[in-house]
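Enquirer: The residues making up each chain are set out below.
Number of protein chains: 6
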Amino acid sequence: MIYVTRRASFSASHRLFNPSWSDAKNQEVFGKCNNPRGHGHNYDVEVTVAGDPPAATGMVIDLKKLADIIETEVIERVDHKHLNDDVDFMRGLIPTAEHIAMQFWKILQPKISEGKLVSIKLYESANNFVEYRGE
Amino acid sequence: MIYVTRRASFSASHRLFNPSWSDAKNQEVFGKCNNPRGHGHNYDVEVTVAGDPPAATGMVIDLKKLADIIETEVIERVDHKHLNDDVDFMRGLIPTAEHIAMQFWKILQPKISEGKLVSIKLYESANNFVEYRGE
Amino acid sequence: MIYVTRRASFSASHRLFNPSWSDAKNQEVFGKCNNPRGHGHNYDVEVTVAGDPPAATGMVIDLKKLADIIETEVIERVDHKHLNDDVDFMRGLIPTAEHIAMQFWKILQPKISEGKLVSIKLYESANNFVEYRGE
Amino acid sequence: MIYVTRRASFSASHRLFNPSWSDAKNQEVFGKCNNPRGHGHNYDVEVTVAGDPPAATGMVIDLKKLADIIETEVIERVDHKHLNDDVDFMRGLIPTAEHIAMQFWKILQPKISEGKLVSIKLYESANNFVEYRGE
Amino acid sequence: MIYVTRRASFSASHRLFNPSWSDAKNQEVFGKCNNPRGHGHNYDVEVTVAGDPPAATGMVIDLKKLADIIETEVIERVDHKHLNDDVDFMRGLIPTAEHIAMQFWKILQPKISEGKLVSIKLYESANNFVEYRGE
Amino acid sequence: MIYVTRRASFSASHRLFNPSWSDAKNQEVFGKCNNPRGHGHNYDVEVTVAGDPPAATGMVIDLKKLADIIETEVIERVDHKHLNDDVDFMRGLIPTAEHIAMQFWKILQPKISEGKLVSIKLYESANNFVEYRGE
Chain A
2 MIYVTRRASF
12 SASHRLFNPS
22 WSDAKNQEVF
32 GKCNNPRGHG
42 HNYDVEVTVA
52 GDPPAATGMV
62 IDLKKLADII
72 ETEVIERVDH
82 KHLNDDVDFM
92 RGLIPTAEHI
102 AMQFWKILQP
112 KISEGKLVSI
122 KLYESANNFV
132 EYRGE
Chain B
2 MIYVTRRASF
12 SASHRLFNPS
22 WSDAKNQEVF
32 GKCNNPRGHG
42 HNYDVEVTVA
52 GDPPAATGMV
62 IDLKKLADII
72 ETEVIERVDH
82 KHLNDDVDFM
92 RGLIPTAEHI
102 AMQFWKILQP
112 KISEGKLVSI
122 KLYESANNFV
132 EYRGE
Chain C
2 MIYVTRRASF
12 SASHRLFNPS
22 WSDAKNQEVF
32 GKCNNPRGHG
42 HNYDVEVTVA
52 GDPPAATGMV
62 IDLKKLADII
72 ETEVIERVDH
82 KHLNDDVDFM
92 RGLIPTAEHI
102 AMQFWKILQP
112 KISEGKLVSI
122 KLYESANNFV
132 EYRGE
Chain D
2 MIYVTRRASF
12 SASHRLFNPS
22 WSDAKNQEVF
32 GKCNNPRGHG
42 HNYDVEVTVA
52 GDPPAATGMV
62 IDLKKLADII
72 ETEVIERVDH
82 KHLNDDVDFM
92 RGLIPTAEHI
102 AMQFWKILQP
112 KISEGKLVSI
122 KLYESANNFV
132 EYRGE
Chain E
2 MIYVTRRASF
12 SASHRLFNPS
22 WSDAKNQEVF
32 GKCNNPRGHG
42 HNYDVEVTVA
52 GDPPAATGMV
62 IDLKKLADII
72 ETEVIERVDH
82 KHLNDDVDFM
92 RGLIPTAEHI
102 AMQFWKILQP
112 KISEGKLVSI
122 KLYESANNFV
132 EYRGE
Chain F
2 MIYVTRRASF
12 SASHRLFNPS
22 WSDAKNQEVF
32 GKCNNPRGHG
42 HNYDVEVTVA
52 GDPPAATGMV
62 IDLKKLADII
72 ETEVIERVDH
82 KHLNDDVDFM
92 RGLIPTAEHI
102 AMQFWKILQP
112 KISEGKLVSI
122 KLYESANNFV
132 EYRGE
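Chains as they are written, first to last, in this note's numbering: chain A, 2 to 136; chain B, 2 to 136; chain C, 2 to 136; chain D, 2 to 136; chain E, 2 to 136; chain F, 2 to 136.
Okay, chain A solo, but in the shape it has when bound:
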């Protein structure tokens, strides 16, 4: 078994905000991330697929295909977008790194036919990142 990772990047804006809460509570919980007009990040995402590479190719998954799946299924839908307003699969969810990673998993898992998706790692910055392993 080998773990193969492909990294991709996107730039997006978001606002951390729970519409069922008062402004004061939102401010208390989300602080400056609650700025009404939003703020943004350069996100990096690392998608890891595990499998046993056949000797004939030496590859768990064709990285070009994996890159294309990541690009088409997630990057194009979030890049240069506002995560609260522009992205259908984030509708009704607070767009934290945790929720983004979990939604990426839901979208990508059924698309990966060689190997098995085992991890989505999402960097909001060099100092803050999350990982979801489907557990």
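No lab work stands behind these hints, which were simulated from the structure alone.
Take these hints with a grain of salt, some might be off.
Identical chains share a label here; the pair holds if one copy fits it or two copies do between them.
To be verified - Lysine to any residue pairs mimicking SDA-like chemistry, simulated, CA-CA at most 25 angstroms apart:
| id | residue 1 | residue 2 |
| --- | --- | --- |
| 1 | K33 | D69 |
| 2 | K112 | M2 |
| 3 | K112 | D89 |
| 4 | K26 | K107 |
| 5 | K112 | D24 |
| 6 | K112 | R38 |
| 7 | K33 | A56 |
| 8 | K107 | W22 |
| 9 | K26 | S120 |
| 10 | K117 | M103 |
| 11 | K66 | D80 |
| 12 | K33 | E136 |
| 13 | K26 | A127 |
| 14 | K65 | D24 |
Position chains B, C, D, E and F relative to chain A; hints supplied.
Expert: Then chains B, C, D, E and F, alone, in the frame of chain A:
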């Protein structure tokens, strides 16, 4: 003469958009950067000050003071903000990296009393960055 | 379950030295790390907390709070310090990356009340790093 | 138990090519990686060893020794080489990152006498990397 | 005047070798870079264009256009190639970073119509890089 | 003319302290960098040499020779050392990044016989760095 650089970071959102143009022209010129609800970046800024370090301190400028000036004068005014809507010194300017760097220069230059400001370098991402040298 | 990581940095000096050994043995085991007046590093530490993010916040742990805990409990006690001489919780321990990571775990674990501490990763340099998972 | 990692680098060229296939099939499967005269990468390898550090040294494994083993056993045999043509332990294998990582494991595992090899991570670029854990 | 930089990457192989010299002289001058079957690198290139951004766009040059020029004019001709054998504009030149940067300049300078090309920076690795400014 | 840069690294400790000042004045000027038992950094140094590469080699300077000069003349004298106490060429100087860079220049300039030394860049951390150009 020695060139001393201090780096700082902020996260912000923006929209590239010229209000005197049609939607079609904005789209043609700014492409996906013209998304109406904006998108965002983690920006890095490098501020370079040149001077002759006195032997008694060996420092062109106290880096702690330089870091405080950068934090107070620019970072606090742009971090977790929407550059078009929330930042007074960007009002009326298209918030490209070029314009942000030039405004940072205008703000920081009069605040630096040891040494001389010689460069503002602004990274919008690892792949895109600009430098302004006051020329 | 999501794994959330916060990174922080500090600069410190240390000497690898076992006082119960002869100078020759210390030199043989620790080599140039045994220089009597010490040497130093910029350390990066990554603290990972795992949990299930409540839908109301989308956050395993408030990253601002986690950052404050890391800053107050460990960074302030080691930053710009000599790890052998200045840091109470390293007293009597050889200040290798392994021992630093294990002590950080002991200090941080009881302070983390949302989620569960699962990993302390400590980088002595880009080429040398250790991870402790409480096992 | 602590996980200790040492990173090393090498530059090499390779061609992804299965000699039992037609040119057309090689092109279809390996794309531009099948260029007959090869192409190359700066590879980074991270070798992770796990163990319980004795109090007398605070070290799972002497990192200097680990670095020497990595240098002598693998880096010198692949650095500034063509992986298909110049490297005996890659003979008959398609030189994907997966196969390189698995061969490094086979070579390094018997050489590591303090602690236990638990992971070989191989970066072909910042965007593509694999990990082998001996499973 | 603002300096705008766009970074791009490619992977290639090469051999440092002067055909008018003996094998012994090639080995003495180029060492392991003279391996007959070549070796390779992940190269990063930074292209810097200087100009005065018009207020209507705030941009010295449309970065998307600059990225396209770099991609079409240079990256596609060197990526996943052998620089000695596969690249017409390197024919007859020893493919050092110096020569690659100078050839990139010759190719890119006439293609840049907004602003003025002022620098080509080429990284062969994090530790080795060159810059050509057209001087 | 081409600018060729070689990067190297070292780990050292230091204390910012002016012995002709009172403790209070040292504390006021140097803050936590004045900790009596010192603190440390991983330093990166970039040495830039400019010249015209002869067609026969395509190289301004043999990078292997430049790397050896940097290693022998400076790195071995500062790596894993205390800059105030262990390094003869820092004697009597406050070991700021500015002073270290200037001393490296003095040492390296007469040793470089191909091309001309034009810059010493010294990184104390990713956020703090200085450059000396011999001016």
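Enquirer: Against this structure, judge whether each hint is valid.
Expert: Results for each hint:
Taking the shortest Cα distances, K33 and D69 sit within 25 angstroms of each other only across copies (15 angstroms), while inside one copy they are farther apart (35 angstroms). Proximity of K112 to M2 under the C-alpha cut-off of 25 angstroms is found in both arrangements, the shortest distances being 20 angstroms within a copy and 22 angstroms between copies. For the homomeric pair K112 and D89, the shortest alpha-carbon distance inside one copy (18 angstroms) is at most 25 angstroms, but the shortest distance between copies (38 angstroms) is not. In this homomeric assembly, K26 and K107 never come within 25 angstroms of each other (Cα to Cα): the closest approach is 30 angstroms inside a single copy and 33 angstroms across copies.
In this assembly of identical chains, K112 and D24 lie within 25 angstroms of each other by CA distance neither inside one copy nor across copies; the values are 40 angstroms within and 29 angstroms between. Taking CA atoms no more than 25 angstroms apart as the test, K112 paired with R38 passes in neither setting, with 34 angstroms inside one copy and 29 angstroms between copies. Taking the shortest Cα distances, K33 and A56 sit within 25 angstroms of each other only across copies (20 angstroms), while inside one copy they are farther apart (52 angstroms). With identical chains, the CA atoms of K107 and W22 are never at most 25 angstroms apart, being 27 angstroms at best within one copy and 36 angstroms at best between copies.
When the C-alpha separation of K26 and S120 is checked against a cutoff of 25 angstroms, the pair qualifies neither within a copy, at 33 angstroms, nor between copies, at 31 angstroms. In this assembly of identical chains, K117 and M103 lie within 25 angstroms of each other by CA distance both inside one copy and across copies; the values are 16 angstroms within and 19 angstroms between. Proximity of K66 and D80 under a CA criterion of 25 angstroms is satisfied in both settings, with 19 angstroms inside one chain copy and 18 angstroms between copies. Taking the closest pair of Cα atoms, K33 and E136 never come within 25 angstroms of each other, the shortest separation being 30 angstroms inside a single copy and 35 angstroms across copies.
Taking the shortest alpha-carbon separations for K26 and A127, neither the intra-copy value of 28 angstroms nor the inter-copy value of 36 angstroms comes in at or below 25 angstroms. For a Cα distance limit of 25 angstroms, the shortest separation of K65 from D24 across copies, 19 angstroms, qualifies, whereas the shortest one inside one copy, 46 angstroms, does not.
Figure legend: structure checked against the earlier numbered hints; hints not met, in rising order: 4, 5, 6, 8, 9, 12, 13.
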